[in-house]
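Chains as they are written, first to last, in this note's numbering: chain A, 1 to 275; chain B, 1 to 287; chain C, 1 to 338.
The set of hints was computed from the structure by calculation and includes no laboratory data. Values in this document were obtained by computation on a predicted structure and should not be read as measured data. It cannot be assumed that every hint is accurate.
[As the list claims (entries may be wrong)] Just so you have them, the derived chain C footprint on chain B, three or more residues with Cβ under 8 Å: (1) 142-156; (2) 242-256.
[Stated by the list, open to error] Subject to a maximum C-alpha distance of 25 Å in a straight line, what follows is the list of computed DMTMM-like cross-link-like pairs (lysine to aspartate or glutamate): (3) C:Lys260 with B:Asp139; (4) A:Lys122 with B:Asp248; (5) A:Lys122 with C:Glu229; (6) C:Lys259 with B:Asp248.
[Claimed, not checked] To be clear about the criterion: a stretch of chain A counts as covered by chain B if any three or more of its residues have a C-beta under 8 Å from a C-beta of chain B, and this derived list gives those stretches: (7) 28-37; (8) 67-81; (9) 110-121; (10) 241-252.
All residues carry an ideal CB built from backbone N, CA and C; glycine is no exception.
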Amino acid sequence: MRLRTSRSALPGFALTLGITLAWLSLIVVLPLALLVLRPWTLGVAGVWHSIAEPRVLAALRLSFGAAVLAAAVNVPFGLLVAWVMVRYRFPGRNLADSLIDMPLALPTAVAGIALTALFAPKGWIGMLLTPLGIKVAYTPLGILVALVFVGLPFVVRTLEPVLMDLPLEAEEVAATLGATRAQTLRRVVLPALMPALLAGFAAALARGIGEYGSVIFIAGNMPMISEIAPLLIVIRLEQLDYAGAAALALVMLLASFAILLLLNLLQWRMGRRAS
Amino acid sequence: MTPVSGIAGAPLAPTTERPAIQAGLIVLTILLLVVLLLLPLVVVFVEAFAHGLGAVVGALVEPEAIAAIELTLVVAAVSVPLNTVCGLAAAWCIGRFRFPGRRLLITLIELPFSVSPVISGLVWVLLFGANGWLGPMLDRAGVRIIFALPGLILATVFVTFPFVARTLIPLMQEQGAAEEEAAITLGATGWQIFRRVTLPNIRWGLLYGVLLCNARAMGEFGAVAVVSGHVRGQTMTMPLQIEALFNDYDWVGAFTIAGLLSLLALVTLAVKATLEWRIGRRGGALL
Amino acid sequence: MSHSTLTRRTIIGATAGLLAPAGRVVAAETTLLNVSYDPTRELYREINPAFGTVWREKTGQGITINQSHDGSGAQARAVLDGLQADVVTLALAADIDALARRGLVAMDWQQRLPDNSAPYTSTIVFLVRAGNPKGVRDWPDLLKPDVAVITPNPKTSGGARWNFLAAQAWAERQPGATEASAEDFMRRLLHQVPVLDTGARGATNSFVQRGLGDVLLAWENEAWLARQEFGSDACQIVYPSLSILAEPPVSVVDRVVDKKGTRAAATAYLEFLYTRQAQTIIARHYYRPRDPEVMGQYAERYPALKMVTIQDFGGWDIAQARYFADGGLFDRIFTPGQ
Chain A
1 MRLRTSRSAL PGFALTLGIT LAWLSLIVVL PLALLVLRPW TLGVAGVWHS IAEPRVLAAL
61 RLSFGAAVLA AAVNVPFGLL VAWVMVRYRF PGRNLADSLI DMPLALPTAV AGIALTALFA
121 PKGWIGMLLT PLGIKVAYTP LGILVALVFV GLPFVVRTLE PVLMDLPLEA EEVAATLGAT
181 RAQTLRRVVL PALMPALLAG FAAALARGIG EYGSVIFIAG NMPMISEIAP LLIVIRLEQL
241 DYAGAAALAL VMLLASFAIL LLLNLLQWRM GRRAS
Chain B
1 MTPVSGIAGA PLAPTTERPA IQAGLIVLTI LLLVVLLLLP LVVVFVEAFA HGLGAVVGAL
61 VEPEAIAAIE LTLVVAAVSV PLNTVCGLAA AWCIGRFRFP GRRLLITLIE LPFSVSPVIS
121 GLVWVLLFGA NGWLGPMLDR AGVRIIFALP GLILATVFVT FPFVARTLIP LMQEQGAAEE
181 EAAITLGATG WQIFRRVTLP NIRWGLLYGV LLCNARAMGE FGAVAVVSGH VRGQTMTMPL
241 QIEALFNDYD WVGAFTIAGL LSLLALVTLA VKATLEWRIG RRGGALL
Chain C
1 MSHSTLTRRT IIGATAGLLA PAGRVVAAET TLLNVSYDPT RELYREINPA FGTVWREKTG
61 QGITINQSHD GSGAQARAVL DGLQADVVTL ALAADIDALA RRGLVAMDWQ QRLPDNSAPY
121 TSTIVFLVRA GNPKGVRDWP DLLKPDVAVI TPNPKTSGGA RWNFLAAQAW AERQPGATEA
181 SAEDFMRRLL HQVPVLDTGA RGATNSFVQR GLGDVLLAWE NEAWLARQEF GSDACQIVYP
241 SLSILAEPPV SVVDRVVDKK GTRAAATAYL EFLYTRQAQT IIARHYYRPR DPEVMGQYAE
301 RYPALKMVTI QDFGGWDIAQ ARYFADGGLF DRIFTPGQ
């Protein structure tokens, strides 16, 4: 790949950067900057107090914990799906491939209502799980299911291009040298996929932390147990505690930003190693 | 079920799994996709048609439903083009030039993806609400942003901001600038290059980004819920109308609108699959 | 096939016919926005056209009343943030007080209309499964180990706050009750709750549609509506020995009507709620009418019930701070180690 410099021969840099920065400032940076400033009317101690409340901490723990867990579940799920989609050919493959993007295209509220209908004790899947003593809807497990649903495409779509570009030679060499298929997968394929797996994990995680529409219907919304942080923001807003709502939003925002930055650094390093 | 990656002539391809394992993995994948992704979709349509086609049609011609559909279309018709133009601009400057802060810019563009939709609504309330920073001024001028169309559009634009840019940036980076640079040496203007060289190269990726952007714009719930005001027949988009109907014990109505939105998702996916098929034949990767 | 096509065409045609004249009238007439809480959709859907007819007879002008419904607290917040409500019809006075404190509504709003500005009352009852399989008769039955109680979140739902106060009132009035024993009752009660929906309607949906829980704590009107919607073979209503007189109040939003010039119409709209005609509609929707004669007509619907009022708690300001504000009893119940 040829390295481009900032003194590219191509025109339009100033114009497009101008548009991008203007639009970005207006739509993303300015409103979010306000959000960064808003909580401090409470004073530093006030902000700390409004975040350090046990109920808030529990909600943050749940939002982050469930998102991490869902992203972790999505790593093997995503790996399986991506592997099958890239490496195998089978009838209905195209259809299955289209399905993967469903959570990106389906409105989150619809997903939430539909998943609740499925996993409620009377639902198609809930009916099967209830006799086993497994409760999904209205428990933290329900939140996990919703987040796995919304996060799956992120992992699959991050892995697929990497899997496609993976040179088969390495696998062949390993096989020729007498490695079993399992050894080849563990020692050769998996390490090569590691950066993409991590990137997919981070993308699913970032998406899961803030998810609201699909979770709110299936979570039981019990304080300390199944109450997610975005719901607490809504509750604070309804109590006219704007600064408190903004404080909580700020914590979530910073976390998302950190994860995204990490994700981009990761991809950058990955790209550098590849080239 | 033939392995795609065997070496020609090799009796037992060393780079793939045994057929039995392959079959097992395929079954597992299909099972996963069906249970996790397909069933929720099926539920929507089953519930919508629980009382027959007549009830579905009846729910669709409700004035409130029509108003919600219209509003959703208007919101999407404004936000999607805005984000498309900006996404193209961002992809051009990030995908074709190197400059300091590029990585930060990408992160900022992607930020709305991971910001909770609730926060995406909250920021506009903090900015334009009657108690917000600009609220009192706007109120004196008689300008309504929150609880009106502009607020719904702003919230939607925020949420759908990254879709086009995020699809295009990696695509343009991968393609490289060689063709455009060749065009420049042949004396083409910037606009000509964009129209004749860049656009044809990225059109399928662009369309895909626009489709996803549109699907999200029509389906956004959390952000618009905060800025809507829930005035029946006036500021209710389709996802909000679904919740309202749900609360009216009108399940057929709720699932009918949900079905309509799901149909949109299906069309999006079908178009996307077609695009990939075409691109696949041209030997390029979409994402 | 051809039949369904025909039906569809007929429906579309009929609807288009209905829509066209309505669309033409809209341009010239006054428009009011009534910002209300969740359960009143059906009520105002019937009240609004009735008032429209009365208003037209009186003034010769048409009037359109738009509705907005959500949780009571969320609605107060929206009005505060600039939702242009001409009138608010909310679940509890505290939410209108919040508007008054910030200057949107006159401080004396509750004295401007009869009966504390609450044109109807309601109360809190139990909705149980048909046949009452768990034998729920009164508040202490809710603590039975196998009974799951459904109630929405008092932080977001006005109805849930009435539920909470009704239970608290019962606990406080038991022989030998102390503050600690009442708190203990509330703590145990809330631990019987598997789901806290954000609104009253969400809770009813959880109970009836999702089959969750054994008892739903609900507005009397919601319980009756659910029974009517889902049939008496799905659920039945149980009146506890003690409940609370819920007074959902109404008010004109002064700042909005003065700006829009709609005070006359908005005031007339709220006064209409006290007329015999509106009170009858109110009773038909299972709210308790203020008009004694209308109440007499529908008396068999409303069993006599011992009820406390919000004044017994010292008014909303005190109740709010004590039970629902940050660090109040509700928060303490869900905070471990307190």
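Hint check results:
1. With a cut-off of 8 Å between beta carbons, the region 142-156 of chain B has 3 residues touching chain C; three or more are needed, and the interface restraint holds.
2. Note: the region 242-256 of chain B has 6 residues with beta-carbon separation from chain C under 8 Å; the three-residue rule is met and the coverage holds.
3. For the proposed pair C:Lys260 and B:Asp139, the alpha carbon gap of about 13 Å is at most 25 Å, so the pair holds.
4. Between A:Lys122 and B:Asp248 the CA atoms are separated by roughly 21 Å; this keeps the pair inside 25 Å, and the hint holds.
5. For the hint linking A:Lys122 to C:Glu229, the alpha-carbon distance of about 19 Å falls within 25 Å, and the restraint holds.
6. Of the supplied pair hints, the one linking C:Lys259 and B:Asp248 is violated, its CA atoms being roughly 33 Å apart against a limit of 25 Å.
7. Under the rule that three or more residues need a Cβ within less than 8 Å of chain B, the assignment of the region 28-37 of chain A holds, with 7 such residues.
8. Beta-carbon proximity to chain B at under 8 Å applies to 3 residues in the region 67-81 of chain A; the threshold of 3 is reached and the given coverage holds.
9. Counting residues of the region 110-121 of chain A whose C-beta lies closer than 8 Å to any C-beta of chain B gives 7; at least three are required, and the coverage claim holds.
10. Using a Cβ-Cβ cut-off of 8 Å, 5 residues of the region 241-252 of chain A lie near chain B, which meets the minimum of three, so the contact claim holds.
Hint 6 from the earlier list is the only one contradicted by this structure; the remaining hints agree with it.
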